[in-house]
Amino acid sequence: MGFCRKVFCRNRRKFRCFIDQSRDMSNDPVMSTNNSFYQWFLDHITLHDHDDEKEELLNGLTHLLGGGLSLVALPAILIKALGGGNSSLLAAGLVFGLSMILLYFSSGMYHLVSGPVAKRVMRIMDHTTIYILIAGTYTPIMVYLGTSEAMIVLWTVWGLAAAGFFFTIFFWGRYGFLHVLFYLGMGWIVLLVWQTLREVVPPGLVHWTIAGGVTYTAGTIVYGLKMIPFYHAIWHLFVMGGSACFFIGIYQNLL
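Take 1 as the starting number for the sequence shown in our numbering and just add one per residue.
Bear in mind the hints are in silico, worked out from the structure with no lab data behind them.
Worth double-checking, as some hints may not be accurate.
[Said to hold, decoys possible] Here are the computed lysine to any residue pairs in the SDA-like style, where the Cα-Cα straight-line distance is at most 20 Å:
#1 119 to 57
#2 54 to 115
#3 80 to 90
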């Protein structure tokens, strides 16, 4: 058994070998439980297999680029917010910046890793961090508004993000159209405070908010139709464009 482990640990079946051997240990409840969870995890969290290797590489690189740009954006946000002296906007800007970093690096790594467990873990992150990015983008805008209605919208969006996270896990691979509705609904719930937004925030932010919302929505349509080559990477570019719109709007007009 020890020899078998040494041999197989050198290749991509390392973890599978360990699990296969653990099946012989049926009298060990801990090993049996781990094996059951591992098998459930592999069966429940399915992988996307529509893109070839070149497409997957491009999918990963586009969002790793987004992650790199987010690493530049975060300190820029914090430095400007510190200069403004508003601690609430500083914290909100931190949330926004971190949400971009989390999404883009999670997505980029998902498309580039290959291990059966790592790939599935990163796919969960790839899907669920979309909710975090949407809520993170709302945070500085609603904090700037500061009205009771804005706070209700903010908490509602974060509540929907939490609900979306658990919905994604427990209904993995099912009700795909509901995920899209979740994303779009969260994105356009800003219309509930749109009149106040137009009256309070600088016009520049309104324009960039519209541009960002339209860009995200257009990208979602491209992804949903799946009708053009490299549609996934193109969708990634739309997502990056939407984030750029909101970053510019927030950086120039709120901080």
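Results for each hint:
1. With a C-alpha separation of about 14 Å, the suggested pair residue 119 and residue 57 falls inside the 20 Å cut-off, and the hint holds.
2. Annotation: proposed proximity of residue 54 to residue 115 holds, straight-line Cα distance about 18 Å (limit 20 Å).
3. For the given pair, residue 80 sits about 9 Å from residue 90 by alpha-carbon distance, which is consistent with the 20 Å threshold.
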